[in-house]
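Q: What follows is each chain in one-letter form.
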Amino acid sequence: DAGVIQSPRHEVTEMGQEVTLRCKPISGHNSLFWYRQTMMRGLELLIYFNNNVPIDDSGMPEDRFSAKMPNASFSTLKIQPSEPRDSAVYFCASSFDLNQPQHFGDGTRLSIL
Amino acid sequence: QQQVKQSPQSLIVQKGGISIINCAYENTAFDYFPWYQQFPGKGPALLIAIRPDVSEKKEGRFTISFNKSAKQFSLHIMDSQPGDSATYFCAATKSNDYKLSFGAGTTVTVRA
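Protein chains in written order, with the numbering used here: chain H, 179 to 291; chain X, 9 to 120.
Looking at chain H on its own, in the form it has when it is part of the complex:
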């Protein structure tokens, strides 16, 4: 069975550019989570959706960050404009329901120069 699929796996771009990260959750999963992982702050929850609706975006660091889930099989996390301090590994996770175990993708390693 396919797990959570994230793309791209690696992204290197210059400061000020728009960055779009993509996630395809496991089929049948109703909840989707976006995390950021850095050495300094560890794993942080940015936002999560249930049935394609954003439930809690209190972890989104700034207005430069936005996330959408237009349908049950696709979500995006966008950073515009990007800054060097946004460099991190971004993970998407999905679960059958909010109180079920979360399954993580392999992440997108983002480097902002």
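Mixed in with the good hints, there may be bad ones.
To be verified - Pairs of lysine-lysine residues, derived as PhoX-like cross-links and limited to a Cα-Cα distance of at most 20 angstroms, are as follows:
#1 H:Lys-202 <-> X:Lys-76
#2 X:Lys-76 <-> X:Lys-13
#3 X:Lys-107 <-> H:Lys-246
#4 H:Lys-202 <-> H:Lys-256
#5 H:Lys-256 <-> H:Lys-246
#6 X:Lys-23 <-> X:Lys-102
What the hints assert, rightly or not - Which chain H residues face chain X? A few, computed with CB under 10 angstroms, are given here:
#7 Leu-223
#8 Pro-232
#9 Asp-234
#10 Ala-271
#11 Arg-287
Hints in this document: simulated from the structure, not taken from any laboratory. Since the model is a prediction, treat every value here as computed from it, not as a measurement. Cβ atoms here follow ideal geometry from the backbone N, Cα and C, with glycine treated the same way.
Position chain X relative to chain H; hints supplied.
A: Below, chain X alone, put in the same frame as chain H:
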């Protein structure tokens, strides 16, 4: 503010030995405590989880011990194998919140 404190940051154990990772939390509303295993270049994978109504849970070589009064829980890896070399994260959440708070992680190295 980190809600779950994890130690040690790293540990080295000989093959066949026991790896022990400790976590402590402050929020008494937390009622679900999972452990995740992460290999380089991969996302975290759920390893084992416990709820505070039991003091211990064992799955194969992995055991969680839970001390509700002390607000502490730990992961024991018995008979550690080189394939167990990874970073382990403890986490905690409230059932009606669904937001996982992760510890800082422990890098375990098992020497053959």
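Q: Given a cut of 10 angstroms on the nearest C-beta pair, is the interface hint for H:Asp-234 held or broken against chain X?
A: At 7 angstroms from the nearest chain X Cβ, H:Asp-234 passes the 10 angstroms test, so the hint holds.
Q: Using the nearest Cβ pair, does H:Leu-223 come within less than 10 angstroms of chain X?
A: holds, 5 angstroms
Q: Are the Cα positions of X:Lys-23 and X:Lys-102 separated by 20 angstroms at most?
A: violated, 36 angstroms
Q: Does H:Lys-202 pair with H:Lys-256 here, judged by a C-alpha cut-off of 20 angstroms?
A: Answer holds: H:Lys-202 to H:Lys-256 is near 15 angstroms, not above 20 angstroms.
Q: Could you grab the alpha-carbon distance between X:Lys-76 and X:Lys-13 and see if it respects the 20 angstroms cut-off?
A: Given pair X:Lys-76, X:Lys-13 holds - Cα atoms ~15 angstroms apart, limit 20 angstroms.
Q: Holds or violated: are the alpha carbons of H:Lys-256 and H:Lys-246 at most 20 angstroms from each other?
A: OK: H:Lys-256 and H:Lys-246 at ~8 angstroms, within 20 angstroms.
Q: Between X:Lys-107 and H:Lys-246, is the straight-line Cα distance small enough, at 20 angstroms or below?
A: Given pair X:Lys-107, H:Lys-246 holds - Cα atoms ~18 angstroms apart, limit 20 angstroms.
Q: Closer than 10 angstroms between Cβ atoms is the bar; does H:Arg-287 clear it against chain X? Give me holds or violated.
A: holds, 9 angstroms
Q: Tell me if the straight-line CA distance from H:Lys-202 to X:Lys-76 falls inside 20 angstroms.
A: violated, 37 angstroms
Q: Would the hint on H:Ala-271 stand, with a C-beta cut-off of 10 angstroms toward chain X?
A: holds, 7 angstroms
Q: Go through the hint on H:Pro-232 and say holds or violated, using the shortest Cβ distance to chain X against 10 angstroms.
A: violated, 13 angstroms
Hint compliance for this structure: hints 1, 6 and 8 are broken, all remaining hints hold.
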